[in-house]
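Asker: Protein chains in written order, with my numbering: chain D, 1 to 351; chain H, 1 to 351; chain V, 1 to 351; chain L, 1 to 351.
Think of the hints as simulated: they come from the structure by calculation, not from any bench.
The list makes no distinction among identical chains, and a pair is therefore deemed to hold if it is satisfied within one copy or across any two copies.
When the alpha-carbon atoms are kept at most 20 Å apart in a straight line, the in silico EDC-like pairs for lysine to aspartate or glutamate are as follows:
{"id": "1", "residue 1": "K192", "residue 2": "D45"}
{"id": "2", "residue 1": "K317", "residue 2": "D122"}
{"id": "3", "residue 1": "K192", "residue 2": "E48"}
{"id": "4", "residue 1": "K192", "residue 2": "D217"}
{"id": "5", "residue 1": "K192", "residue 2": "D50"}
{"id": "6", "residue 1": "K294", "residue 2": "D323"}
Number of protein chains: 4
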Amino acid sequence: MNFASDNAAPAADAVLDAIREANRGHVLGYGNDAFTARAKQRLADVFERDCAIFLVSTGTAANALALAAMTPPWGAVIAHEEAHIATDECGAPEFFTNGGKLVTVPSDDAKLTPEAAGAVLDEFGWGGAHHVEANALSIAQASEAGTTYSVAEVEALARLAHDRGLGLHMDGARFANALVYTGATPAEMSWKAGVDVLSLGFTKGGAMAAEAILVFDERYAAHLEQRRKRAGHLFSKHRYLAAQILAMLDDGLWLHLAAIANTAAARLAAGLAAAGHAPVYAAETNVLFAALPKSVDLALRQAGAQYYARRPRFIPKARVGADRISVRLVTSHATTEAEIEQFLGFVKRAA
Amino acid sequence: MNFASDNAAPAADAVLDAIREANRGHVLGYGNDAFTARAKQRLADVFERDCAIFLVSTGTAANALALAAMTPPWGAVIAHEEAHIATDECGAPEFFTNGGKLVTVPSDDAKLTPEAAGAVLDEFGWGGAHHVEANALSIAQASEAGTTYSVAEVEALARLAHDRGLGLHMDGARFANALVYTGATPAEMSWKAGVDVLSLGFTKGGAMAAEAILVFDERYAAHLEQRRKRAGHLFSKHRYLAAQILAMLDDGLWLHLAAIANTAAARLAAGLAAAGHAPVYAAETNVLFAALPKSVDLALRQAGAQYYARRPRFIPKARVGADRISVRLVTSHATTEAEIEQFLGFVKRAA
Amino acid sequence: MNFASDNAAPAADAVLDAIREANRGHVLGYGNDAFTARAKQRLADVFERDCAIFLVSTGTAANALALAAMTPPWGAVIAHEEAHIATDECGAPEFFTNGGKLVTVPSDDAKLTPEAAGAVLDEFGWGGAHHVEANALSIAQASEAGTTYSVAEVEALARLAHDRGLGLHMDGARFANALVYTGATPAEMSWKAGVDVLSLGFTKGGAMAAEAILVFDERYAAHLEQRRKRAGHLFSKHRYLAAQILAMLDDGLWLHLAAIANTAAARLAAGLAAAGHAPVYAAETNVLFAALPKSVDLALRQAGAQYYARRPRFIPKARVGADRISVRLVTSHATTEAEIEQFLGFVKRAA
Amino acid sequence: MNFASDNAAPAADAVLDAIREANRGHVLGYGNDAFTARAKQRLADVFERDCAIFLVSTGTAANALALAAMTPPWGAVIAHEEAHIATDECGAPEFFTNGGKLVTVPSDDAKLTPEAAGAVLDEFGWGGAHHVEANALSIAQASEAGTTYSVAEVEALARLAHDRGLGLHMDGARFANALVYTGATPAEMSWKAGVDVLSLGFTKGGAMAAEAILVFDERYAAHLEQRRKRAGHLFSKHRYLAAQILAMLDDGLWLHLAAIANTAAARLAAGLAAAGHAPVYAAETNVLFAALPKSVDLALRQAGAQYYARRPRFIPKARVGADRISVRLVTSHATTEAEIEQFLGFVKRAA
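Bound-form chain D, shown alone (with noise of 0.2 Å):
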């Protein structure tokens, strides 16, 4: 019964098949090998159009990099102040933008809205000598509070972006599950929605260590090559990171994995639900958020449930309650339909 994240789930066997495969003979490092080409390819096919691809290990490193690229040391990103990017890099976006600056917006839900951005870009000073430019907006999609945003809902905060002179950032750490809520295509939720950079993940969704940034505004790509390299993100052995994405790729493996966590959230959030706990957001994909009892909480400890109480900003304090603990579940590829019975038997039991 795990469910503290799903970077605590191991990789897919198809994965490391796929490394083993690539694991003979020689080719040249840094990218320059027939694996990398392949996997390139793959994703501008996925993705229904050429852009520059550059494959990282980390989805930090992902983010960090692509924000690095579309905002000077004098910019400033706007996002949610949950925002992965503004809470849990220990500041990468700070260190690869030399210094640029996020500006974050509060809402109850983790995702940020045109009125909300727009006000920010309205109501401060901006450009000139004495203020930071605005230079992106970013999101997370799938958002911290695992929901989603859907495609009007991204073209609406591309129109915004793009009418102010900023570009648009998506945090796709787990886009593969936003794609199988939503239904949308790789592409209708990219850059056909006006997205300029994606940070693609792959790793929570089932591969080791491999995420890729896809980069559909042409001129964001300009430098990344030296800003890679200069992180210490070149792979010299860059087949495994193309490997591990060709495995998740083929045969769609990658939305199929995404569903079988989303399912896994769904029921879990059914069963919370039906034992009066119904989660705190709908159940979009594989993150949840649920206000326990103590008692439940404490049960469910007991048994060994493994997940991290929480309780982001984003979340109402009167949606949880005084006598309740805020805890976060998440489901993965391997969550299996016996730990699901296994956690809500408990949450019955202590009921």
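Could you slot chains H, V and L onto chain D? The hints should help.
Answerer: For chains H, V and L alone, kept in the frame of chain D given last:
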């Protein structure tokens, strides 16, 4: 009728006299001269204690160097969302800290409260591998709204900061104006109240270009010498910075000039109130915000009055009203009674 | 016949086996797992002492993080002018140190000498307000020329460093190859000889992507956790880094694989010497430089041999000769005797 | 008898007069004033062309901002190994470029040659993912040795730079002294000869604290406004920078003062030569290096002469001799004939 900014005012004659006085013979550069030694000693006397002192030429340098001394690249400063350091220095704190973070909180009067700062400290994750550390609170005395913190308010913020392992930074660009209003001594309003590093401004008050960083907690002084040089802020002909500060401190000139500016603002505020346009905040120092009817604004502009239309977010919309314009009026040591009368005359006539 | 780089070689099968083995069940992310604990313990055993250990995925990350831990922004690292950190990492040390400086010295064999480093320390100004501090010496073991430092040579550099208040960093991308050649133990060649921080490479030697930073002087470890995260180098599925290192250390596999590579280079060197093209430096590890007649180079290229033409400045022009091409030949754990024989056959035939 | 530095000298009276003159009434801050407009126009007149101009207060700021405008974080500046930017600015260029690199070359007279710079460009790897780019050559006019580049020498360096896609930066802290010696016009010695960005110093020559960055290649000016502010170098009471520069340019005062300093140095050099201690380099400007017998040095010290013992690496050891001390003697606009005579008198008596 120039109320655009206190930096639009000239320098006090005594400051230029002191520079002329210092302009004799050879003295060693880079602060190794008797003028600098005397200026530091005078500051120590005025603040009633020894401390590490660094002279620089701009307020942004004084603030950014101070914050860099207090905050590692993986650290954060908590400040009001419209603090000068957050909005008007083009990211200088982020540059000088090598990518540190400003975490900002709103309030309706430009002042940071222990409650708001405490909430940020409580509700966000801090430290460890994933989160930046919270290293400093930074407050402006006087605030961007022209209001002041009482000694008790500073003490409460210092208590919060120190209890959580943070330092307290004070942006004292208008410190003298705050002293005049509160009646506190320099020591009472700074280190005795718990301020760890003070950026002490003289430029706005009547110097040409001279500021001092007073480091009361010596730990923060360790590398300021290198930081200052590396930022191009170690003056070679250092005596001229020192001479300006000596002139300002002589016979309490800095307080005398601040009193002139405060008094002018108070008269302006009273006159506006009498005309039915009471300033948005109490006239404590030399910065006022007023919500003028558009007709009054127009008349003043046509009469040649200079000031900026500004509605910072700390002024609730309700306080401005639909058909009014929010303007900022700043007085200085060079503001004359005639200017005030003339301005108020136009206000009355326009009504 | 691939002698382009040891990073063109595949990973050792045992490494992939270990990854597969580790790929079971849920474990906590970010290094809080039993695999990581075991890898750290194994490293401590192999190096005969406890120390702070940080796993990362690339050599550039290992070097740049190590140097950043040793060098403030106003500091300097002294290294050979063609050290990997100085020429092949696109400024990563400067990025990670937030603007620290590499001060480089030339030599005819890619090795830093106490004399050359001492001269730099003696003849430049250091410290105070005007000059950067000298904080570290950095040496590569084995060197860019494929040569090694004896334990006594490391000790002499460590003595110089420590006498002047500097730390000693070792770039051990090919540390195992140096151990095999010198016969020294890991401890003898690192902390016992005075190395303060070791960037220990496994990738070139047979891992997929795994390196360890070993911090023997604990002072340097203080903020490496934050630096690693902030640089995007804290792996979420951390077990796979650990598994690779465990596999490499198991039964001394790392040394066994290094011995294969060294032996291959030695045979290559002997064969080239027999053909009249003795390598420029003694074949100590797995990197050779040879001055091939253009006709030989051409024949090898046509035969499909892969390697880079390179004449680093540390090779005096006189050693290459006018009608020859300086080439770099790198062997690896995957180099076969057949490849060597084939290559040497073409060399002989071309002569 | 103060020959420690030209920054030990006072400011010219005319500079203080101009400041006094400017100290009337209100003017807008941050450079939006008539004084600044006039200073820029005067500079454009003197340099015979329009260009982007930024006023700052220190030479280190002027240099570091200029280099940051020319060099991305993954870039490099090629300079002499004892250039001020490389050794005396505590890493300011690295700070302002966000981690750019200085690649330095030695020479026996502190001047960069096309041969030495060309060799660095030819023999190191540049660009691509692995290597930093070479973006600028930087030369000091006059050099650290007090020698000057002829217009033809500047042109040759500019040709090399531009042929390779680099820009040419000139550190003109003592530009006026070089103009006086060479007889070139400001335009001939800067943009006409191919200089792209000039850091033009007035402080050492007789101002209090005033420098100008002249950007002849407009591409480099794009973000200097933000960089200057972000570094705390945008003066609020900007008129005082402008007034200093206006005073220096008025009636060619800057050249007149430089001529005084140069003449003083020439007399000093002649006197030393007559006493058998001919300076190490020809006395071209106001900086001399001499190898004094220890007894002479002692006598001068006892007589109260002030100067620094310095043997930069650009002075070959052979030129100093075993029982001599290498000293630096700097004259200024405030050096008097009496001081020179007195100093030379002590030299003669000590012999």
